[in-house]
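Protein chains: 2
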Amino acid sequence: MTPLETVNEFMARFCVPDLDSACELVTSDVEYDNVPMGKNFGPDGIKAFAAGMSAFDSVEFIVHREAATGQIVLNERTDRFVKGDLTFDLLVAGVFEVNDDGLITLWRDYFDMGKVNEMFAALAD
Amino acid sequence: MTPLETVNEFMARFCVPDLDSACELVTSDVEYDNVPMGKNFGPDGIKAFAAGMSAFDSVEFIVHREAATGQIVLNERTDRFVKGDLTFDLLVAGVFEVNDDGLITLWRDYFDMGKVNEMFAALAD
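In order, the protein sequences belong to chains W and P. Residue numbers for the first sequence follow my numbering, so the first one is 1 and each next one is one higher. Residue numbers for the second sequence follow my numbering, so the first one is 1 and each next one is one higher.
Okay, chain W solo, but in the shape it has when bound (with noise of 0.2 Å):
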């Protein structure tokens, strides 16, 4: 798979979800930071902050543009959480990096703190 394949079968196997299946295309130190939120280390890191998506019914990640220069890859999405009748999409810019053995070392996100805590209040409501 190319930089840019790895990604996108790596969301895909995050969002079904099936996260040993998309461990299995990162590294044992891969850094997953949420930018507002912190960051994460490890396939265990992954599985933890998961664990908090296990609230919603599904969870989607829509590509809209994306890039890849060497082992760089960025997108643009929606990612999209849904919990009965809500239905909450929040905007995202994502940035990859792939090492030379096609695994990821490297998933960080950019997105609005603000929308998050508002889909945390909707969900508490």
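Simulated from the structure, these hints should not be mistaken for lab results. Hints may be right or wrong, so weigh each one.
The following residues of chain W were derived to be distant from chain P, with all beta-carbon distances above 12 Å [stated by the list, open to error]:
1) Pro43
2) Phe88
3) Gly94
4) Asp109
5) Asp125
Straight line, CA to CA, 27 Å or less: simulated BS3-like cross-link-like pairs of lysine-lysine [to be verified]:
6) W:Lys39 x P:Lys47
7) W:Lys39 x W:Lys83
8) P:Lys39 x W:Lys115
9) W:Lys39 x P:Lys115
10) P:Lys83 x P:Lys47
11) P:Lys47 x P:Lys115
12) P:Lys83 x P:Lys39
13) W:Lys115 x W:Lys47
14) W:Lys47 x W:Lys83
Source: prediction; values computed, not measured. Glycine included, C-beta positions come from ideal geometry on N, C-alpha and C.
Place chain P on chain W using the hints.
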């Protein structure tokens, strides 16, 4: 210039600031979208938004990662705003589209509005 070179030249001119020269590289209907703040359109929209940056002694866009595929350019940056002894580093991911004439049609920045509000509050102190 390639689309990547166009984007980097545009950002360099924007930061001088030399807005007239920067806007020679955008279309008349360019979309300039600061995701948590809203959209501006056209060179006048860019200039109006940039006027708010005149409060700073300097603005610098430091590119950490960038990728370009076709007409799409994305980058990961630290946008550094300096005012006297205050330095604000805003973590940003940018999305650009460049048309076949080599002009930017879209500039969209993703960042956390909370950090921008902290910057405004510190300036007001």
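A quick look at each hint next to the structure:
1. Look at Pro43 of chain W: its CB is around 23 Å from the nearest CB on chain P, clear of 12 Å, so calling it non-interface holds up.
2. Separation of Phe88 of chain W from chain P is adequate, the least Cβ-Cβ distance of about 15 Å exceeding the 12 Å criterion.
3. A Cβ of chain P approaches the Cβ of Gly94 of chain W within 12 Å, the least distance being about 8 Å, so the stated non-interface status is violated.
4. The beta carbon of Asp109 of chain W sits about 8 Å from the closest Cβ of chain P, which is not more than 12 Å, so the claim that it is off the interface is violated.
5. Every Cβ of chain P is farther than 12 Å from the Cβ of Asp125 of chain W; the closest lies at roughly 22 Å, confirming the non-interface assignment.
6. For the hint linking Lys39 of chain W to Lys47 of chain P, the alpha-carbon distance of about 35 Å lies beyond 27 Å, and the restraint is violated.
7. The straight-line distance between the Cα atoms of Lys39 of chain W and Lys83 of chain W is roughly 25 Å, inside the 27 Å bound, and the hint therefore holds.
8. The straight-line distance between the Cα atoms of Lys39 of chain P and Lys115 of chain W is roughly 17 Å, inside the 27 Å bound, and the hint therefore holds.
9. Proposed proximity of Lys39 of chain W and Lys115 of chain P is supported: the alpha carbons are some 17 Å apart, at most 27 Å.
10. A hinted pair counts as satisfied when its Cα atoms are at most 27 Å apart, and Lys83 of chain P with Lys47 of chain P qualifies at roughly 20 Å.
11. With a CA separation close to 22 Å, the supplied pair Lys47 of chain P and Lys115 of chain P stays within the 27 Å bound.
12. Restraint check for Lys83 of chain P and Lys39 of chain P: the C-alpha separation of about 25 Å stays at or below 27 Å, so the hint holds.
13. With a CA separation close to 22 Å, the supplied pair Lys115 of chain W and Lys47 of chain W stays within the 27 Å bound.
14. Taking the CA atoms of Lys47 of chain W and Lys83 of chain W, the gap is near 20 Å; set against the 27 Å cutoff, the hint holds.
Checked against the numbered hints above, the structure breaks hints 3, 4 and 6 and satisfies the rest.
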